[in-house]
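J.: Going down the list, the protein sequences come from chains A and B.
When you number the first sequence by my numbering, it's gap-free, plus one each residue, and the end is 181.
When you number the second sequence by my numbering, it's gap-free, plus one each residue, and the end is 1065.
Note that these hints are calculated values from the structure, not bench results.
Where hints are given, some of them may not hold.
With a straight-line cut-off of 16 Å between C-alpha atoms, the simulated EDC-like cross-links for lysine to aspartate or glutamate are [as the list claims (entries may be wrong)]:
1. A:163 / A:127
2. B:1003 / B:1044
3. B:1029 / A:125
4. A:69 / B:1025
5. B:1029 / A:137
6. B:1003 / A:127
These are the residues of each chain, in order.
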Amino acid sequence: MPPLDTVDMLHGDGSYNPGGIGTVHGYALLSAIITLQAPAKPDAVGATLATIGSITTAHVFAADQCMKKIRSTENKGSVKVTAGGELDGENERSEFKFNYPGSKAELDGLRAFMRSNDCAFFAKEADGTVRQIGSAEFPARLSVNYGTGENNDAYRGYECTVKAFGPAPIYTPGLNFVPAE
Amino acid sequence: MVKRPQLSPALTGKFKLAKNAGAGEYHWKGYQFNLSTVPLDLAEVLAAAGCPYLVRIKNRKTTRP
């Protein structure tokens, strides 16, 4: 008997499937999360394809903590999960790119702060699906480039890249900006 | 002590917050809403879609002897 039931993989007529990412996303320090949920392991008893590929229970934040928002410029970002590793030892690497407009001390500060703090990012795709980049084993790392561009043909702002080993599971509870009690 | 926002008054008697959920801003399945101001019609739509932050209050049937 197979360890789990596989399912038909269909894509029905009229399925809503826009490309790209949305314009509001979330991020959180792992130190602000008391219980960090994770997807089911493929060999876990009772796992399904859906529970392997998603986190269905919301993370439990410490009191007065929650995700923080981060805005991105439309049509200038993406989420990408790339397979890697060698045969019989394959894994993934996740990358979330987005652009943040302007020139702000807070984002300069975030860039420096995130170098030495474990975090996870929650990227909202164009259809509202939220994917988590970063996990307990492999926290996300944020790297930021800044540029003013030239006067008449450029983008002034930050190019942000979030990287983490591992997949970017769908986080079904979505973005939650309500501080925990 | 900071006073926490309460569930939208429009939902009184019809919905309550799920355990561990607060009345604030959520982005869920393409919906963006604030549970401290959400109108009843949107709450009905969210509940029908399976929103994990709202719990419908079941009306108790009263039986007469």
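J.: Between residue 163 of chain A and residue 127 of chain A, is the straight-line Cα distance small enough, at 16 Å or below?
T.: Since the Cα atoms of residue 163 of chain A and residue 127 of chain A sit roughly 22 Å apart, the hinted pair is violated (cutoff 16 Å).
J.: Below or equal to 16 Å on CA atoms is what counts here, so check residue 1003 of chain B against residue 127 of chain A.
T.: At roughly 34 Å apart (the allowed maximum being 16 Å), residue 127 of chain A and residue 1003 of chain B break the hint.
J.: Would the pair residue 1029 of chain B and residue 125 of chain A pass a check requiring their Cα atoms to be no farther apart than 16 Å?
T.: OK: residue 1029 of chain B and residue 125 of chain A at ~10 Å, within 16 Å.
J.: Taking 16 Å as the top limit, are the C-alpha atoms of residue 69 of chain A and residue 1025 of chain B close enough?
T.: 11 Å, holds
J.: What's the verdict on residue 1003 of chain B and residue 1044 of chain B, does the C-alpha distance respect the 16 Å limit or exceed it?
T.: Between residue 1003 of chain B and residue 1044 of chain B the Cα gap is close to 27 Å, so the pair fails against 16 Å, i.e. violated.
J.: Does residue 137 of chain A lie within 16 Å of residue 1029 of chain B when you go C-alpha to C-alpha?
T.: Status violated; Cα separation ~27 Å.
The structure is inconsistent with the numbered hints 1, 2, 5, 6, although it conforms to all the rest.
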